[in-house]
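**Q** Chain by chain, the residues:
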Amino acid sequence: MGRHNISRRGFLKLAGASSVAITAGITGLPSPLKASAAQEATRGARFLKYDRGVKTHNFCEMCFWNCGVDTYTRNGVIHKLEGNKLNPNNRGHLCAKGNAGIQSTYDADRIQSPLIRTGKRGEGKFKKVSWEEAYKYVYEKLNPLVDEFGPETLATFMHGTGEPYPHMLTMAIGSPNITIPAYSQCMGSREMAWALTFGTGVSGHETFDMANSKHMILFGRNMAGAVQVREAEDFAEGLARGARLTYVDPRQSESAVRATDWLQINPGTDMALALGFIHVIIRDNLANMDFVRKYCYGYNELTKHIKQYSPKWASKKCGIDAKTIEKIAWEFAKDAPNVVAIPPRRMTRYGNDTQTVRAIAILNALMGNWGVPGGIFVRNKVPLDFPKEDMPDAPDARRADGVGEGEKYPLAPTTLGRTNGIYEATLTKKPYPIKAWLLYGTNPLSHSSIGVNNLYKAIDNLELLIAIDTQFSDTVMYADVIFPESTYLERYDAPYIQKDKTPFIALRKPAIKPLYDTKGCFEICKGIAKEFELDDWFEKSPKEMQEELSQVLNKEQMETLEKDGVLLFEDVDPYPNASGAALNFSTSTSKVQLYVKDLEDMQKKHGDEFSPLPIYKDPAMPKAGEFRTLFGRTPHHSHARSQNNWVLLELQDDTPVWMNPEDAKKMGFKDGDMVSLVNAKTGHKSDHSERLKVTKRIKSGSIFIHHGFGHTTKAWTRGYEKGTKENWFISDGVDPLSGAAAFHNGFVKVVKA
Amino acid sequence: MSLIQNNIKKEKNLAMVIVGDRCIGCDACYVSCKTDWDVPAMKEAFRTKVFEVEGEDVNGNPTIGFLPTLCNHCDNAPCVDVCPTGASFKRDEDGIVLVEPDMCIGCKACMVACPYDARYYNEEEQTVDKCTFCLPRISNGLDPACVSTCVGESRNFGDLNDKESNVSKMLKDATSVFKLKEDEGTSPNVYYVTLNY
Ligand code: SF4
Ligand code: SF4
Ligand code: SF4
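As they're listed, the protein sequences go chains A and B.
The opening position of the first sequence corresponds to residue 2 in the working numbering, with each subsequent residue numbered one higher.
The opening position of the second sequence corresponds to residue -3 in the working numbering, with each subsequent residue numbered one higher.
Note that these hints are calculated values from the structure, not bench results.
Computed from a predicted structure; not experimentally measured.
Ideal placement from N, C-alpha and C gives every residue a C-beta, glycine not left out.
Accuracy of the hints is not assured; some may be wrong.
Unchecked claim - Among the chain A residues that face chain B by a calculated CB cut under 7 Å, a handful are:
(1) Lys81
(2) His94
(3) Ala101
(4) Val228
(5) Lys514
(6) Met622
(7) Lys697
To be verified - No farther apart than 25 Å at their CA atoms in a straight line, the calculated lysine to any residue pairs in the SDA-like style are these:
(8) A:Lys697 x B:Ile60
(9) B:Lys39 x A:Thr713
(10) A:Lys671 x B:Gly61
(11) B:Lys86 x B:Asp155
(12) A:Lys86 x A:Thr713
Given only the sequences and the hints, what does the whole structure look like? Please build it.
**A** This is how it looks when you write it as structure tokens:
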């Protein structure tokens, strides 16, 4: 495979950059067998030199975590990325993906200029056009659609640091249909449950204080495999300091490595286990009653409700024996409040996800771990007043995805929307036709919840598909017009301001000029807006926004920020409860809501899924001979975005199908057999076969594959068709409370290839 | 008997101490190393690699662990012994084992001799290549590329002749210490430890 890959060195040769110093390694004539004295004298001298080059500050965009990055360039070529030691997101470290950011930038498969489609949709035939032509094309196609169907016919999907700009553009055009897949395709149900209980979401930068924890219960949250640097560090640190780890997952992931107890739970029954824990804690008087009395609402209701969920009952549902449930509940309570129960991050699983996380939230609340070391820390804002940016008024039009007051999903946030709802609306043309999509850094074909086949049909209903991206994803290949974005190593972005344990500001400055004819998302959206005479909204460029920080920061702070690339605000208290300060919760009762009174009416109207206390329901089950498809992240790739990065592909370029030995035996399969998956509902068969990995690490009845593979875009010369796209084999369910997707009720047959 | 066995004299005794149970198998080290040293784009080419080790405990339950590997900078280095040109050599000053590209004829005898599979042949540079303990970086005041990025803070680097160095302290405090394939008589300088802090 090596020869097909373009290393930076190869890239430079192609690009004809002759001035670049390449370590001389040319052996002239064969050396005499015995070293001469002169050779001996200089032997190894080359290994004493190291030219670090020029440092520029940045933050990582290989995933959403945005670790601090120092880029080092030699003669205008980025040589090395290092973690910024002062940035709280990563404290000097980068993960494999972060380290591989260079390889993604120096990738000749990138989009190199604006493009307009010439062939059939998805055929991959484009012509190179000027920026002006591309902007005009959008105007000429979109304007008639807006006239005919109203501005709400445009739906915009966003993921990445440039999000504010497509957001602004869409609002200015007048469509409310802005959607951030991180909600409905990922964290939505978790955030909803946390907000109902604590009045605030967990947030993207999670607030679990693992480094100081004495006992962590991870409910299907793979800290070591789905790597975000600070969390992985804190996880390893907590364990090194002797924390107990209860790891709950039908699959033994990387995070189970040093679990005190690995509970190989029945899939979809985490709520039963959490309710069982709560039962034991209340039954045996183990709750932190000081905290409960002071800060919690609905303890009596909870006490009554939880009686039905004994460990014996829970054991029948979740497959973990009652003694173990009791033991862990006791251990957990013993170490309270320095303990934490952690819900999944991507909580798009069984359709009962919000209520499952509600149970986990209640478990935390009973420990009184809010604002305590080793529990849940409190995020603090950067204590400065930033000037408010002018934003267009929120459009009046009704959203297409069922989000909003009086709609089917009244609790879901209009600022994030339901990406799955937009797919549905585009497919069904209800409540009104969606005729245009603007994709910014998102790839629906790799995070669909209505099934990939239906998504192709939805795309057929579009008259205009606009993409802004650094690379050709499967969905970008279907675009009518493509705007190439500069990578994070080539562009400025607005100051990065993070509310956190230690809040901070970080800067992104380009290390190199764009390698190709690309622009930042700001410039691109402004260019489109100009055609609509809406560019007044795009007043300040990211670079100007960085400069304007001098209006809120003093001279010394500005200097520190420029010098370090990050400015910390350390005079804050992430542990107000431990310090004896009074806590505030922005719920309707101003308390931690064990019982969510606000849901009472909704329960009457919509049923038990909206219950003020979590009510257990069995998950959908596969028929005999079928398997449940489970999937999750690998430490080596960022969602479905990095599978064309040569160095990450070296670490993983396939998705073996994990199967339990009992199941394999029944099926007559053995380890290493080549198999295909067939979706039991749609009949879709995987395009190519996968190696079977027979292992007790996966629970009988389920199979597992890694997420993010199986790309169909031929523009990816390395990542094309590597592994299986799990989207063909997952479910299209919806959690009724959050409106977020439910993927884990998809069932497959496994057949020999 | 001391855990640290020196059978040759070195001014410094550079070593890597890997806290085994802190490694989360993230492979950040692999990418950081390949990038810094322009290691060619092929799976066979690497200076450090982390293995996932699957097993079973006494009850038949599955177990997993991670094992970061790199050149051990052996005190009795078979790769150096077999090298016909002197391209592979061990530095007296700190014990680092290097390959001098100008002197390497590509006979690959060292690759066969190394019990640790620590070497690969670099077609682009026409030389055998391997971990240098990041000599260029450490000569200029930096940590090795793998150590500086290690997410689990599993990898530690320093001088065992300095009793105050972090690596010396770790070996002193370790509840268990092992080195790979010690029975080969290679006297490796990469230690795997368990700590109780
Ligand atoms: S976790 Fe890894 S990919 Fe994500 S921002 Fe940090 S270094 Fe980048
Ligand atoms: S690990 Fe292999 S290459 Fe390194 S010194 Fe020992 S024998 Fe030589
Ligand atoms: S960077 Fe550290 S934690 Fe990650 S695989 Fe390498 S040694 Fe292990």
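**Q** Against the structure, test the hints numbered earlier, and report the numbers of the ones violated in rising order.
**A** 5, 6, 12
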